[in-house]
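Visitor: Read off the chains here:
Protein chains: 2
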Amino acid sequence: MDETRTEIGELGEFGLINKLTEGIIRINDETVLGIGDDAAVIDAKGKQTVVTTDLLTEGVHFNLMYTPLRHLGYKAVIVNLSDVLAMNALPSQVTVSLAVSNRFSVEALEELYEGVKLACRMYNVDLIGGDLTSSVGGLMIAVTALGFVEAERVVLRSTAKKGDLLVVTGDLGGAYMGLQILEREKEVFKEAPGAQPELEGVEYILERQLKPEARKDVIEHLREIKIQPTAMIDISDGLASEALHLATESKLGVRIYEDKLPIDQQTYDQAREFNLDPSLCALNGGEDYELLFTIDQSDFEKIKGDPHFSVIGYMAEQSEGCELIFRNGGSTELTAQGWDAFRKES
Amino acid sequence: MDETRTEIGELGEFGLINKLTEGIIRINDETVLGIGDDAAVIDAKGKQTVVTTDLLTEGVHFNLMYTPLRHLGYKAVIVNLSDVLAMNALPSQVTVSLAVSNRFSVEALEELYEGVKLACRMYNVDLIGGDLTSSVGGLMIAVTALGFVEAERVVLRSTAKKGDLLVVTGDLGGAYMGLQILEREKEVFKEAPGAQPELEGVEYILERQLKPEARKDVIEHLREIKIQPTAMIDISDGLASEALHLATESKLGVRIYEDKLPIDQQTYDQAREFNLDPSLCALNGGEDYELLFTIDQSDFEKIKGDPHFSVIGYMAEQSEGCELIFRNGGSTELTAQGWDAFRKES
Numbered sequence: 001m002d003e004t005r006t007e008i009g010e011l012g013e014f015g016l017i018n019k020l021t022e023g024i025i026r027i028n029d030e031t032v033l034g035i036g037d038d039a040a041v042i043d044a045k046g047k048q049t050v051v052t053t054d055l056l057t058e059g060v061h062f063n064l065m066y067t068p069l070r071h072l073g074y075k076a077v078i079v080n081l082s083d084v085l086a087m088n089a090l091p092s093q094v095t096v097s098l099a100v101s102n103r104f105s106v107e108a109l110e111e112l113y114e115g116v117k118l119a120c121r122m123y124n125v126d127l128i129g130g131d132l133t134s135s136v137g138g139l140m141i142a143v144t145a146l147g148f149v150e151a152e153r154v155v156l157r158s159t160a161k162k163g164d165l166l167v168v169t170g171d172l173g174g175a176y177m178g179l180q181i182l183e184r185e186k187e188v189f190k191e192a193p194g195a196q197p198e199l200e201g202v203e204y205i206l207e208r209q210l211k212p213e214a215r216k217d218v219i220e221h222l223r224e225i226k227i228q229p230t231a232m233i234d235i236s237d238g239l240a241s242e243a244l245h246l247a248t249e250s251k252l253g254v255r256i257y258e259d260k261l262p263i264d265q266q267t268y269d270q271a272r273e274f275n276l277d278p279s280l281c282a283l284n285g286g287e288d289y290e291l292l293f294t295i296d297q298s299d300f301e302k303i304k305g306d307p308h309f310s311v312i313g314y315m316a317e318q319s320e321g322c323e324l325i326f327r328n329g330g331s332t333e334l335t336a337q338g339w340d341a342f343r344k345e346s
Numbered sequence: 347m348d349e350t351r352t353e354i355g356e357l358g359e360f361g362l363i364n365k366l367t368e369g370i371i372r373i374n375d376e377t378v379l380g381i382g383d384d385a386a387v388i389d390a391k392g393k394q395t396v397v398t399t400d401l402l403t404e405g406v407h408f409n410l411m412y413t414p415l416r417h418l419g420y421k422a423v424i425v426n427l428s429d430v431l432a433m434n435a436l437p438s439q440v441t442v443s444l445a446v447s448n449r450f451s452v453e454a455l456e457e458l459y460e461g462v463k464l465a466c467r468m469y470n471v472d473l474i475g476g477d478l479t480s481s482v483g484g485l486m487i488a489v490t491a492l493g494f495v496e497a498e499r500v501v502l503r504s505t506a507k508k509g510d511l512l513v514v515t516g517d518l519g520g521a522y523m524g525l526q527i528l529e530r531e532k533e534v535f536k537e538a539p540g541a542q543p544e545l546e547g548v549e550y551i552l553e554r555q556l557k558p559e560a561r562k563d564v565i566e567h568l569r570e571i572k573i574q575p576t577a578m579i580d581i582s583d584g585l586a587s588e589a590l591h592l593a594t595e596s597k598l599g600v601r602i603y604e605d606k607l608p609i610d611q612q613t614y615d616q617a618r619e620f621n622l623d624p625s626l627c628a629l630n631g632g633e634d635y636e637l638l639f640t641i642d643q644s645d646f647e648k649i650k651g652d653p654h655f656s657v658i659g660y661m662a663e664q665s666e667g668c669e670l671i672f673r674n675g676g677s678t679e680l681t682a683q684g685w686d687a688f689r690k691e692s
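If you read the sequences in order, they're chains A and B. Per our numbering, residue 1 is the first one in the first sequence, and the count goes up by one each step. Per our numbering, residue 347 is the first one in the second sequence, and the count goes up by one each step.
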């Protein structure tokens with residue numbers, strides 16, 4: 001792909017950091033000091049600071065055979081911003097650390113950083129630090145994200161109330177179906193290396209997997225329409241898993257209606273093609289990075305008909321348990337079959 | 347060592363996180379919310395927040411053949427606290443993320459976390475989050491540390507003035523000599539697996555390598571004796587490298603006197619035994635985690651004779667360059683030969 005290949009050892013750690021962080025301009029007033037000292041300095045200006053961190057490892061969270069490095073850098077930032085947003089805070093800084101083996105060239109790392117910097121620009125976030133080290137294994141990316149929020153606006157997982165409506169943003173299951181297609185094409189490619197991948201008509205769900213977005217727009221929109229969710233979580237491990245977190249930590253039960261699940265047409269069609277139940281993909285497919293939250297029933301009028309949101313159920317008494325209600329009126333216990341980095345392969 | 351071995355897959359990610367973070371009590375008022383939601387929440391209470399992050403990788407930063415997991419967990423926290431302290435801030439929170447392969451048992455990770463929690467207790471720091479994931483390669487630890495400082499107390503690397511005294515805490519080169527001994531014993535053990543390691547009389551320098559401390563005591567002491575350093579950095583890559591950082595970023599030169607370098611007797615004796623120049627070990631051996639700072643000459647009386655500190659030189663004009671002055675009055679250009687995670691092995 002690239003014509004030149006510069007070895008990482010030629011630049012050394014400091015030279016490489018300088019090259020990768022070139023052209024970074026401080027965006028937020030709260031960022032007092034960025035990259036270049038022992039630590040960065042931020043000033044919350046009276047707000048509370050939200051802190052989250054995620055580790056992405058090659059072969060577990062991503063496969064470089066079909067993940068462009070630029071997209072990987074973008075996604076590594078996004079998954080952390082999504083956690084900040086799920087506290088009802090606005091993200092403002094990230095640190096990005098990489099462990100890389102010498103099979104990566106400087107050019108490859110520059111591509112990865114292009115994605116990191118693009119995500120920072122798109123979301124008005126400052127890249128304030130990180131670490132860069134060699135690895136004897138594969139590529140690993142550790143991101144920490146910070147954001148700010150007024151103390152009274154923080155939204156936890158544990159504060160939903162009985163009778164609250166359960167609301168989800170966007171649509172579900174797309175990232176999972178995108179992954180299925182990429183895995184299929186990988187197998188095809190292994191058997192016939194010259195084969196062209198069949199990706200027409202599935203662009204949306206591929207992007208859901210490879211270049212997801214965090215719902216900053218939703219957090220800003222909720223402020224505009226004056227809704228403070230009673231509890232909130234982002235969907236990284238799958239709707240069912242996250243809904244169970246909200247219920248368990250709020251000491252409540254939950255009801256989710258299958259016919260209310262927002263599923264995009266591409267997701268639906270591809271699920272059918274793979275002989276999968278689209279509803280199960282929406283319930284258990286992870287990495288959608290949508291927001292799942294609860295609101296007081298009195299707020300329903302504010303979101304009624306709003307294309308950002310789908311009301312998919314409500315919070316029940318803890319004794320009523322957690323259930324999925326089928327289209328035909330039957331029901332089953334809601335169980336989490338989503339992503340777990342330590343799950344045994346079945 | 348342990349009688350039982352519990353596989354990580356038996357607990358899953360959430361069960362494992364619960365087990366490892368058992369018994370954590372919030373210490374700092376600034377920690378509003380710790381582990382258990384999408385993100386932690388902190389309240390800087392009007393101070394500025396300092397943020398730093400480090401990534402430690404197996405086979406690069408540590409060798410599990412001679413690094414007890416408890417010490418590794420301790421050290422992973424300490425190296426980050428040291429960066430916070432080097433900004434003249436007091437550390438208050440950490441996040442700790444691990445990528446582990448299935449060759450580690452739950453019991454092994456508990457041991458590592460014992461070290462993490464011990465460091466947190468010793469330094470009054472709250473463990474507020476992290477991530478836990480599997481790895482196809484070796485063990486990797488990513489730590490982010492936060493701390494607070496009044497805006498007017500922040501000390502950068504770039505603000506030393508010409509004529510300022512260069513001061514270092516504790517003694518230097520010990521961690522490096524400790525590493526040399528561990529590497530030697532590893533080779534001995536490889537050739538004769540039954541051999542008992544020869545570690546008598548070198549306990550201090552082994553501890554410098556395996557279980558270093560961060561100089562929180564020094565930062566508190568400087569406040570008591572009313573010294574605000576004009577510039578500061580912590581010594582992770584070696585004195586020469588860090589002194590060059592201070593000089594370069596303050597647009598100054600520097601003079602370091604060989605005869606002023608603080609070297610412990612064990613470090614000195616072992617360097618001689620290994621046919622190494624003790625001064626070079628002090629200048630280029632990394633991982634001492636001491637503080638290197640500059641003070642105005644008018645502050646000299648406050649630290650004169652203080653056992654915490656050694657005045658080892660002064661800041662010169664940029665045009666005068668960076669030099670090491672030998673005992674005999676001769677001199678040489680100061681060069682950094684310290685740690686670089688990407689350095690080619692010579």
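Treat the hints as calculated values from the structure; they're not laboratory data. Check the hints yourself; a few may be wrong.
Unchecked claim - Stretch-level coverage of chain A by chain B, calculated; a stretch enters the list once three of its residues show a Cβ under 8 Å from a Cβ in chain B:
{"hint": "1", "stretch": "107-113"}
{"hint": "2", "stretch": "167-179"}
{"hint": "3", "stretch": "203-217"}
Claimed, not checked - Pairs of lysine-lysine, DSBU-like flavour, derived with a Cα cap of 30 Å:
{"hint": "4", "chain 1": "A", "residue 1": "K45", "chain 2": "B", "residue 2": "K650"}
{"hint": "5", "chain 1": "B", "residue 1": "K557", "chain 2": "A", "residue 2": "K47"}
{"hint": "6", "chain 1": "A", "residue 1": "K45", "chain 2": "B", "residue 2": "K393"}
{"hint": "7", "chain 1": "A", "residue 1": "K216", "chain 2": "B", "residue 2": "K391"}
{"hint": "8", "chain 1": "A", "residue 1": "K47", "chain 2": "B", "residue 2": "K391"}
{"hint": "9", "chain 1": "B", "residue 1": "K391", "chain 2": "A", "residue 2": "K226"}
Note that the Cβ used here is the ideal one computed from N, Cα and C, for glycine as well.
Visitor: Next step is simple, just say for each hint if it's right about the structure.
Guide: Here is how each hint holds up against the structure:
no.: 1; hint: 107-113; verdict: violated (count 0)
no.: 2; hint: 167-179; verdict: violated (count 0)
no.: 3; hint: 203-217; verdict: violated (count 0)
no.: 4; hint: A:K45 / B:K650; verdict: violated, 39 Å
no.: 5; hint: B:K557 / A:K47; verdict: violated, 37 Å
no.: 6; hint: A:K45 / B:K393; verdict: holds, 9 Å
no.: 7; hint: A:K216 / B:K391; verdict: holds, 26 Å
no.: 8; hint: A:K47 / B:K391; verdict: holds, 9 Å
no.: 9; hint: B:K391 / A:K226; verdict: holds, 27 Å
Violation of the numbered hints given earlier is confined to hints 1, 2, 3, 4, 5; the remaining hints are satisfied by the structure.
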